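With chain A fixed as given, assemble chain B onto it according to the hints.
Chains A and B, in that order, are what the protein sequence lines are.
Reading the first sequence from the start, the letters are residues 1 to 207 in my numbering.
Reading the second sequence from the start, the letters are residues 208 to 414 in my numbering.
Simulated from the structure, these hints should not be mistaken for laboratory data.
All of these numbers come straight from a predicted model, not from anything done at the bench.
Even glycine gets a Cβ: it sits at the ideal position worked out from N, Cα and C.
It is possible that part of the hints are untrue.
Claimed, not checked - Ranges between beta-carbon positions, derived for each pair: (1) A:Thr73 - B:Lys322: 42 to 48 Å; (2) B:Phe313 - A:Asp192: 27 to 33 Å; (3) B:Leu407 - A:Asn166: 30 to 36 Å; (4) B:Gln398 - A:Glu104: 46 to 52 Å; (5) A:Thr59 - B:Gln398: 44 to 50 Å; (6) B:Asn273 - A:Glu76: 39 to 45 Å; (7) B:Leu271 - A:Ser190: 36 to 42 Å; (8) A:Thr142 - B:Lys322: 57 to 63 Å; (9) B:Pro314 - A:Pro107: 26 to 32 Å; (10) A:Lys194 - B:Gly342: 19 to 25 Å; (11) B:Leu220 - A:Thr73: 47 to 53 Å; (12) A:Thr142 - B:Leu271: 25 to 31 Å; (13) A:Met1 - B:Asn263: 22 to 28 Å.
To be verified - Covered by chain A, per the in silico footprint, the following chain B stretches (three or more residues, Cβ under 8 Å): (14) 244 to 257; (15) 348 to 354; (16) 365 to 373; (17) 385 to 399.
Number of protein chains: 2
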Amino acid sequence: MKTRDRILLAGLLLYNDRGVANVSNGHIADEMEISPGNLHYHFKNKRQLIEELVKNFETEISLLLNAESNQVTSIEDLWFILHIAFELQEKYCFIFRDTDFLLEKFPEFEKAVKKIAAELCRAAERLCISLRASGAIVVNDTDAQSLATQVLLTYTQWLNFRRFYNGDIDKGYIALGAFQVLALFKAFASQDTKMFLDMLSDTYHCE
Amino acid sequence: MKTRDRILLAGLLLYNDRGVANVSNGHIADEMEISPGNLHYHFKNKRQLIEELVKNFETEISLLLNAESNQVTSIEDLWFILHIAFELQEKYCFIFRDTDFLLEKFPEFEKAVKKIAAELCRAAERLCISLRASGAIVVNDTDAQSLATQVLLTYTQWLNFRRFYNGDIDKGYIALGAFQVLALFKAFASQDTKMFLDMLSDTYHCE
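With the rest of the complex left out, here is chain A (with noise of 0.2 Å):
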């Protein structure tokens, strides 16, 4: 692995662990065992190297939401597209716990959270209306716009949730989440994706 690829992946786990407001470019240095020179020759400071980290996990939902979200025509597909996408958040959950400390020391990320966030609304639309198309869901316009904003909203904002609930991150709070967003379309299903979803209620108990 390349030094700029070891010290993005140091950051990322540091920013994660501790929380971006903790971690300094010394810290990532220390961490890796190379010297601050080193660190600075591949980021000059740590907006750079947070800005890179943004832009990868921009490209990696982007990547997943363009591949899947038009062929999401079941229920078994969009738990699984919902898995992969939590998935992603847990591995870059910095971005979306410290998403108020980000914008405020570095307002300049607006614009990297706006596109992200405006590129999840359209895949929360696009998931809706894909599953229409195939019968899983029955749904007005109105009724899928106002679905599409809770799923947006249960997505980017289930980590805060849980830390406010339980005080802290719960072990399985990703498995929690994507049937959380799942359940969100239980009203709006028809007879075969109720049974999965009603199969899938007795694993999950989201309380």
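Same frame as chain A, now just chain B:
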């Protein structure tokens, strides 16, 4: 107004406006044009001041929820209680926005935050049960639990969501939040309830 109450009010406004991280007791004394010693006489440190504000929110929201949530028998009642609850959230918005910072700097707040979360959770459950008992919604136990979780998530994370989505808090976010929670009930609504919700949909477009 007593000095103590004036300090609480000034602290609340500054925390909401600038973020808890950026406001010291010195800033509050400056803003009020009183001496730091005078402030210190009432509140020995930042933690004491925040603690009292959090307790005040807890008291106000409990009063509202205990008085109202058992008596919500129609969507109009729900619309009313949601508006008041969102207004209370706006009044104490620092608690919802700066939760992470509060929990990290003052771990002793975990108990208070959990207490608020539990209170809100019970209220969300009571709302669902009360609306079901009155016939305004038709919902089984599993879906009622899922609906209550979603109500709780939407209420507690709406402010963070709008920031993530818009980069800032937009005007009118309170009414949009109340509408978004209300829309969650639509899928389970009786015919009369649906009509009322459709009417509201024409007024609010949650985009």
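Results for each hint:
no.: 1; hint: A:Thr73 - B:Lys322: 42 to 48 Å; verdict: holds, 44 Å
no.: 2; hint: B:Phe313 - A:Asp192: 27 to 33 Å; verdict: violated, 50 Å
no.: 3; hint: B:Leu407 - A:Asn166: 30 to 36 Å; verdict: holds, 33 Å
no.: 4; hint: B:Gln398 - A:Glu104: 46 to 52 Å; verdict: holds, 47 Å
no.: 5; hint: A:Thr59 - B:Gln398: 44 to 50 Å; verdict: holds, 47 Å
no.: 6; hint: B:Asn273 - A:Glu76: 39 to 45 Å; verdict: holds, 43 Å
no.: 7; hint: B:Leu271 - A:Ser190: 36 to 42 Å; verdict: holds, 39 Å
no.: 8; hint: A:Thr142 - B:Lys322: 57 to 63 Å; verdict: violated, 37 Å
no.: 9; hint: B:Pro314 - A:Pro107: 26 to 32 Å; verdict: holds, 30 Å
no.: 10; hint: A:Lys194 - B:Gly342: 19 to 25 Å; verdict: holds, 22 Å
no.: 11; hint: B:Leu220 - A:Thr73: 47 to 53 Å; verdict: holds, 52 Å
no.: 12; hint: A:Thr142 - B:Leu271: 25 to 31 Å; verdict: holds, 29 Å
no.: 13; hint: A:Met1 - B:Asn263: 22 to 28 Å; verdict: violated, 52 Å
no.: 14; hint: 244 to 257; verdict: violated (count 0)
no.: 15; hint: 348 to 354; verdict: holds (count 4)
no.: 16; hint: 365 to 373; verdict: holds (count 7)
no.: 17; hint: 385 to 399; verdict: holds (count 6)
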